[in-house]
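A.B. asks: In order, the protein sequences belong to chains A and B. So the first sequence is numbered by this note's numbering: it starts at 144 and just counts up by one. So the second sequence is numbered by this note's numbering: it starts at 144 and just counts up by one.
No lab work stands behind these hints: they were computed from the structure. Any given hint could be a false lead.
[Said to hold, decoys possible] Straight line, CA to CA, 25 Å or less: simulated SDA-like cross-link-like pairs of lysine to any residue: (1) B:LYS194 / A:LYS462; (2) A:LYS309 / B:THR147; (3) B:LYS450 / B:TRP487; (4) A:LYS194 / B:GLY190; (5) B:LYS166 / A:ALA203; (6) A:LYS462 / A:GLY525; (7) B:LYS450 / B:LYS309; (8) B:LYS166 / B:THR147; (9) B:LYS194 / A:PRO236; (10) A:LYS194 / B:LYS194; (11) B:LYS309 / B:ALA373; (12) A:LYS309 / B:GLU238; (13) B:LYS309 / A:THR147; (14) B:LYS166 / A:LYS194; (15) A:LYS489 / A:LYS447; (16) A:LYS166 / B:ARG153; (17) B:LYS166 / A:PRO236.
Protein chains: 2
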Amino acid sequence: MTHTSFVNDRYANAPGSPIRELKRFTELPGMISLAGGYPAPELMDSGGLQKIFSSLSGTAFASALEYGGTEGAIALRTELARLSSSRGNAVEPGEVLTLSGSQQGIDLLARTLLSQGDTVLVEAPTYPAAISAFRFAGAAIHQVATDDEGLVLEDLERALIRLKPKVLYTVPTFGNPSGRTLSEGRRRELLKLAVRHQCLVIEDDPYGDLWFDQAPPPSIYSMRNTVDGAERVVAYLSSLSKTLAPGLRLGWMLGPAELRRACVLAKQTDDMHASTLTQAAAAAYLAQGLFSENLPRLRATYGKRAKALARALSLQLGKRIEFTAPGGGMFVWGRAPGVDTAEWLKAAIERSVLFVPGSAFYAQDADHSTFRLSFASQDEAGIATGVSRLEEALRAL
Amino acid sequence: MTHTSFVNDRYANAPGSPIRELKRFTELPGMISLAGGYPAPELMDSGGLQKIFSSLSGTAFASALEYGGTEGAIALRTELARLSSSRGNAVEPGEVLTLSGSQQGIDLLARTLLSQGDTVLVEAPTYPAAISAFRFAGAAIHQVATDDEGLVLEDLERALIRLKPKVLYTVPTFGNPSGRTLSEGRRRELLKLAVRHQCLVIEDDPYGDLWFDQAPPPSIYSMRNTVDGAERVVAYLSSLSKTLAPGLRLGWMLGPAELRRACVLAKQTDDMHASTLTQAAAAAYLAQGLFSENLPRLRATYGKRAKALARALSLQLGKRIEFTAPGGGMFVWGRAPGVDTAEWLKAAIERSVLFVPGSAFYAQDADHSTFRLSFASQDEAGIATGVSRLEEALRAL
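Only chain A is shown next, with the shape it has when bound in the complex (with noise of 0.2 Å):
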């Protein structure tokens, strides 16, 4: 009897994330990681949090172990409305859609939005974990060009026109892999683009937080009534991950209310709803105060460990590399022109120092001297003997 595979043609031959492929190495001793966007742990308020669960009363933390609605408990939506209503995203609880992480809801919608042969368009470079769910929900896939502004609204204008894609998919705040930031016109323009070509914006933004010494432009959300018809076309998406505890697998999604009503029926046949225990334990937390007091710290060590790896970079690589320093964030993206930036990285796994080549960014044509370096989870020391080692390996290639 011959055997066929039982997965399908979308899944049999997709390849893993190159970013958790990576992962196993961080564990090799002595290695420094500049590659995973991982939150520092010896930031993240573990006593505070532990706490939490210990003075849960009994009723409230029975209460917990129950199953609960697909949107959330209504205790969380509501820290989480009103921690949104403060960035400029003003919403009731009702409309907010807790999440089992922000990357579920890029899956949700690409699961409700998206029919085999749709088109999407998506930032070159962006996020390899959307290119996956996109390209599951059996999409195409097409790049637009950014700049230090980001996306690069003529080539979205001819993208939009030639291709009619249904989505466009945007990390426009301190983006991942690029640290780059849309500018405020850019965000307006934008818009307008997406209401008159009819795309749905998906605008990602776990980062927008965490910006170092001036906040952000508002959010492409927050706009949405500045613009004729662009309450239709923008869903927001958030997350506790990168400052609280990506542990607790808690996001959000703002939109649209029939979007919201697809990636409800989604998510219950998925997960059904995140946990109810750490939706409890983040809405005490963040009722307490607690995660407004935490930010301030987060934002000026990450500001600081930027500007450390930006200058380690400029000292040690200037002459080899290009890149931007960040406004916020986790990343700096850069490009060492004529390297490849893949073997570069086997040069550095040798000398116990990780990174990401940028090829793993692109949809398509990837730029491979291009690479991605998170600064968020090693201290000042670590970042310079990281820019060092990687130094060194560039010269043995």
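Since the structure of chain A is provided, determine the placement of chain B on it from the hints.
C.D. replies: Leaving out everything else, chain B in the frame of chain A:
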């Protein structure tokens, strides 16, 4: 400008979960719910679980706040492998895929196995959220008849020959909604049929641990080595939601490596991994033996409640309905000949009692005289009152 919906056809007009729709009635004062398959809150070891959170060391708690592997934390996979092995499903920790509830396993398998137009066989009646997951994946659903021993194999074989289905979905042990258990003989025959027709069996087993007087037959999965080629054609799903706490959102999958690999890819783009924090708590709870300690109490209490329900139904409704008393699980499935149970439900809600009309559990050709009752979350007094109200409601029709 005309606006069309952004939502694709599969999700645009899909109905929500009929059981979740009933949930809003459960909060009405005095309502007795025999509807949802929700574990009894008073039987969950809330105190024990809350202590686990306080007793995790600072280091353990902190590391449970970080990102984790998609397959799950090794501590939990070790405990789930041990639990599985003690139930006859001998596996290594590395073969356990941790899920955010077993429902997610249905969804991941649906997405990774099915393509538009594939056929899935289900039992008549079956679990509605499984029907939804398969429909959303583009599959055509076909029902197979059942009797008191579960799936009728002659009907199954005819469907396998005629429809060449890719997947058979079954809840063979204390089924939802039927309460029925597939006999051991039929399990083995079913495996042979699955191998002969190369149809993947998804064995969904959230209730197997909740037996009353005697343990159920071995799982289909545990028989995979007794039939040539069968190890390639069974995936097994189970859950901590019914036996520990649904709010943790934890379940697991066992099965062929190619399926687990595909599901890992799909999960990477979805919620990435189950909450590392609830995984850590569940692992500690299981490792300390508290799970095995609490289980006899669940079995005894649910057993008493099942018998109380069967007794009350016989006494008060014996002439109007047919039903079989289950040997485990959470459900009694019945028929009220000549009655439209949707009408019965309306009259029941007026009398403050809830149940689920049976039509929700069919993929096609619903028998509108059927109904599902859950005895799990009502004590014996509540069950007696609930059945009296059901009787009044039926009389009022």
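A.B. asks: Does each hint hold? Answer for all of them.
C.D. replies: Hints, one by one, checked against the model:
1. B:LYS194 / A:LYS462: violated, 57 Å
2. A:LYS309 / B:THR147: holds, 11 Å
3. B:LYS450 / B:TRP487: holds, 23 Å
4. A:LYS194 / B:GLY190: holds, 16 Å
5. B:LYS166 / A:ALA203: The given pair, whose Cα atoms are some 19 Å apart, holds under the 25 Å limit.
6. A:LYS462 / A:GLY525: Holds. LYS462 (chain A) to GLY525 (chain A) sits at ~22 Å (cutoff 25 Å).
7. B:LYS450 / B:LYS309: violated, 38 Å
8. B:LYS166 / B:THR147: violated, 31 Å
9. B:LYS194 / A:PRO236: Violated - the C-alpha atoms of PRO236 (chain A) and LYS194 (chain B) are around 31 Å apart, more than 25 Å.
10. A:LYS194 / B:LYS194: Within the cut-off at roughly 12 Å; holds.
11. B:LYS309 / B:ALA373: holds, 15 Å
12. A:LYS309 / B:GLU238: Measuring from Cα to Cα gives roughly 39 Å; hence the hint is violated.
13. B:LYS309 / A:THR147: With a Cα-Cα distance of about 11 Å, the restraint between LYS309 (chain B) and THR147 (chain A) holds, given a limit of 25 Å.
14. B:LYS166 / A:LYS194: Violated, at about 32 Å.
15. A:LYS489 / A:LYS447: Given that 25 Å is the threshold and the Cα spacing comes to 28 Å, the pair is violated.
16. A:LYS166 / B:ARG153: violated, 36 Å
17. B:LYS166 / A:PRO236: holds, 20 Å
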